[in-house]
Amino acid sequence: MNKNSSNIMALAPNTSNKRETVCIFGTGDFGRALGHKLIQSGYPVVFGSRSTQTSSLIPKDAEVLSHAEAAQKAAIIIIAIQRQHYNFLTPLAEILRGKVLVDISNNLKINQYPESNAEYLAQLVPGAKVVKAFNTVSAWALQSGTLDASRQVFVCGDDMEAKQMVMDIVRALGLTPLDQGSLLAAQEIENYPLQLFPMWKFPILLSLGLIAFFFFYCLIRDVIYPYVYENKDYSFFIAISITNRICPILALILLALVYLPGVLAAIIQLYRGTKYRRFPDWLDKWMLCRKQLGLVALAFASLHVLYTLVNPIRSFVRWRISSQTVSQALNNKTEPLNTTNAWLSDSYLALGILGFFLFVLLGITSLPSVSNNVNWREFRFVQSKLGYLTLVLCTAHTLVYGGKWFLSPSSYRWYLPRAYMLSLIIPCTVLVIKFVLIFPCLDRPLTRIRQGWERNPQYSE
Amino acid sequence: MNKNSSNIMALAPNTSNKRETVCIFGTGDFGRALGHKLIQSGYPVVFGSRSTQTSSLIPKDAEVLSHAEAAQKAAIIIIAIQRQHYNFLTPLAEILRGKVLVDISNNLKINQYPESNAEYLAQLVPGAKVVKAFNTVSAWALQSGTLDASRQVFVCGDDMEAKQMVMDIVRALGLTPLDQGSLLAAQEIENYPLQLFPMWKFPILLSLGLIAFFFFYCLIRDVIYPYVYENKDYSFFIAISITNRICPILALILLALVYLPGVLAAIIQLYRGTKYRRFPDWLDKWMLCRKQLGLVALAFASLHVLYTLVNPIRSFVRWRISSQTVSQALNNKTEPLNTTNAWLSDSYLALGILGFFLFVLLGITSLPSVSNNVNWREFRFVQSKLGYLTLVLCTAHTLVYGGKWFLSPSSYRWYLPRAYMLSLIIPCTVLVIKFVLIFPCLDRPLTRIRQGWERNPQYSE
Amino acid sequence: MNKNSSNIMALAPNTSNKRETVCIFGTGDFGRALGHKLIQSGYPVVFGSRSTQTSSLIPKDAEVLSHAEAAQKAAIIIIAIQRQHYNFLTPLAEILRGKVLVDISNNLKINQYPESNAEYLAQLVPGAKVVKAFNTVSAWALQSGTLDASRQVFVCGDDMEAKQMVMDIVRALGLTPLDQGSLLAAQEIENYPLQLFPMWKFPILLSLGLIAFFFFYCLIRDVIYPYVYENKDYSFFIAISITNRICPILALILLALVYLPGVLAAIIQLYRGTKYRRFPDWLDKWMLCRKQLGLVALAFASLHVLYTLVNPIRSFVRWRISSQTVSQALNNKTEPLNTTNAWLSDSYLALGILGFFLFVLLGITSLPSVSNNVNWREFRFVQSKLGYLTLVLCTAHTLVYGGKWFLSPSSYRWYLPRAYMLSLIIPCTVLVIKFVLIFPCLDRPLTRIRQGWERNPQYSE
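Protein chains in written order, with the UniProt record's numbering: chain A, 1 to 461; chain B, 1 to 461; chain C, 1 to 461.
Just chain A, same shape as in the assembly:
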């Protein structure tokens, strides 16, 4: 129904007589914006304010009364006031008895107060039914109607009826209420709008670090070295050639880092002989951001594909191929087809394509709406089986690509090996450990440990 928002924008006079009055305490920006929107959706609105003189900012169709008078006019009271002023409600406790109080407040920091604002409000006015809602919506978005983003309004509260009334208002404003349970959820709801991609921080910082390292590494090998020894200016390599060397390296390393914590956890469990002790903190955190690591790896893999595919259009590549062909023609000879080369080139491309294809499949499966339609068994199958297959294919792609250079001395400039060789260290380690863990002598105890068995039930009395 999301598309109908334009209808809701319009004034709805024919329904206005059916809606129940809503009271708003506070005439600040958000209170006014919500008032506007409520009036547009056909709700009679009463503002409760310290000074009852109407200001130009308050919607014209709304009444402004004292707090006590306004509260008596409505069953639902929206508290559009900051937490530090909540105590003015204490004298009104008698009037607010049985009313639905909607807490819409937000904090400035995550976990700013020991208890959530909504729970604090419920303590101050024990006779009222407190419902937390609307805090994830911005006043600006509400006003301008540009609610492209989250139409979701998290609602929680201890009283089912009160929650239902608030959810009906949310729906009438063209938003989607999401019942989050009892008032205990308020803390989390209040923290929610303050986050900025918390799970993405580590993967993105890690990528930036790796990018910087490999950029200078490649710069030294591919631009500075030829400049020093051959006096050739390859600075234009920065735009595509070097970027296209960094992207696949990062994709491979990050993909391997997705599977590394899993094998580490298996080793720890085998060593400890139990699953009932918590992993070290860094491992826990690492495991929780594996999805994000994988998606960043996929982003680099996609860039690698694009950068590779534009190769034949590059002016430099066209010049190189054409000058090779011209020199062949001038030397009056045609080269025969090198079947080994054709095999190598075709198979590393085929491995890369299949690896990338599976990688994209993994990415699609991690879309929330897709992974919600998949049960645990299916998810494990995709993320574990297909995931390892992807890692195997991508590692093989890199190995076949560079196979011929491993032992060639020209690969080492200033004793630096080619960058892709560095990128192979982690994936190969992960694959080797995983391969070892598949052996029955290790797989069987591991499975038993994960089913709850303990080698040394040493902590029992």
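You can take every hint at face value.
Which copy is meant is left open, so a pair is good if it fits within one copy or across any two.
SDA-like cross-link-like pairs, simulated, lysine to any residue; straight-line CA separation at most 20 Å:
1. Lys291 x Asn372
2. Lys201 x Phe381
3. Lys109 x Met199
4. Lys385 x Trp200
5. Lys232 x Trp343
6. Lys385 x Leu208
7. Lys333 x Ser323
8. Lys291 x Gln152
These are computed hints drawn from the structure, not numbers from a lab.
Only a predicted model underlies this, so the values are computations on that prediction, with no experimental measurement involved.
Dock chains B and C against the given chain A, drawing on the hints supplied.
Frame of chain A; chains B and C shown alone:
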């Protein structure tokens, strides 16, 4: 649970004794289809009809009785009758007291009647509990079991218990009920199935207009001009070359049009000195379809990428490159590498790749399931920061691509500049205005206005 | 709110006094894992067990009592015991009266018992309120906190209050409860975690069969034939050339198979003159997996695109082009541009690009979150109109690509036609039948039949 639909298709005799009887008024196509499906799901079904003789069309396991008799057999009555015949229910009001009436009707036009059919029904039979449901499901889909599409059934009603009963039936049929609140939502639910991409109309019409204009523009410059002056037949340019000129132009213009209303709104607010006056209607509508504009732009950008990448495979391009190489060989000379050219070519490709990559990211973030998992702050960050970065990169891509031709007289055929030059007008305008708006002398008052401050609170008393 | 899982992992002592005690019957792996998680989320936990001596495996903060004592301490009792031991609950019936019993059990096979475990439990303890929940969550995932996958917990039960209490616990654990209605849904919920992509089996097996057939077909034509007659080793064709022949063939055939059941159904309905008889079983099943068929076809189409785009990078292709150019130069002639060839090459590429683009659009529309935001009319428009357009474009792409070879005798090696010719049979058949069905003399009766009309209402009395 969507995958289980095949189970639900099968008859479910072992559960039939547990389900409560459902009554259906009306033996039209949808009533029968729903009856079939209910019986398959184990519900005893009673039809209420004017003529009680069983027709072959009615499911065999269903009883057919008079309206009054049928109504007495069940607590839930589905009204599969058109709105204009609802008044036959008035004499039955006594029998229908306390029953749950399910309104499944649809209209032929959006907002056909002043009140929704469900509300009309509730007025006619005041003692009954009216629930709106099933109107978004098609009889054909229900019958054939091909419910690939929207399994969602919007349900609304004033009585919580009645709504719950109907939602249970919806679930039992393998569909997903969506509680839309009180009966006030019925109007919107009834309008829903009549829409055909309402928000997409403007972006698509605009694109078609722009396509037509730029197609003829390029046709004149690239096919007719060389035909007239050089007598060369380049008509095959239509298939790829011209299309690949139109696609990036449209992508760039539409992307700029996504950000233009934002800067216009800022200018209007700065000029008015308040945010409390509504924008002109056209601006409001424009702002509401920005997401669709952006997605259409992304579609053109994707086509541009595909058309560009197939270039080296085109027979014409292969011929051109090969004949250049041959003529070089015949002239017995090898061209040296032009480093400036290599720089330009590589950087416009790199800018394009990065721009397209960010564009795809923006597109993924606008998927409903992704944007629902993102809070307002994160959404703003992605759509505003990353969005402008995309626009900057794409504009720079176009500028670097065509930089060398700006002042070349050969770019002007019949005084017509190259098409891409036209495409740069809007994006550059948007970026310049945005750049100006970032200056503190403009940014500070704008921020204050958006927080609710007014320069001339002239409308107050 | 999904991102907050790390918060929930932490111990939450400040909320522990607010949560109500939860009792868990059974100290098996899942019972303990759930206990751990509940304690972490601030719930006091009591275990009911046959032997009341605390084992090291049981969370330290939990009490262990006899079943009867434990049950008296809590309003909610989670039954973490296998179905075959449920009968030990019969003597406790009096103590369990009015309690909420949460059935979390799973079976080993789909539909293992005639009634679901939860319904069986409700029969055994008639005074208790049974709620089905948590069976889709794995103990390992619960323990390790790696709930990337389905955070969804399906909940069903006959008692609204009891269901609400359980859903609150689900939310408190950082999971998403999904109300599935009354206890009748328990069977389906218990079957859910046992499935492994049931709808994908047929499309994937079919693809594997077709891949095997076309692989050997192309191997004979493209590798063995030249080896026998020209003694050339083209074995490296296997990696890319042959794969890139199989992928488009499978994409086209599978796409046609998506639309074939629709036209077959139309023919059957026209022949029978009614829509009220069920289709043969194979047709029903075929229709239900059309979406999956289409997505597999899209996967092959995407691979085809990637394999085609890497062509210019292949060592073999570079060698072929360069040796052609060299031989042209050595023969001292430049070929003129063949306009017909340019037209053909450009138009088959353009058709392919447009077809693939629409195909991807169809794929995006079939994402759950997108198709949920689309009504029936819009879905029909996309899947039927755009779907057929895709089929037409892809078939035209193949026809134009191979047009010149149809009558060339060199296309037949050992009397085997080129593989793409075989792939055209089904799409052309579908398109011809669909074209015939559009004629009014067939379309009109079909539309009437689908609206419920019958030619021979022969089954009526």
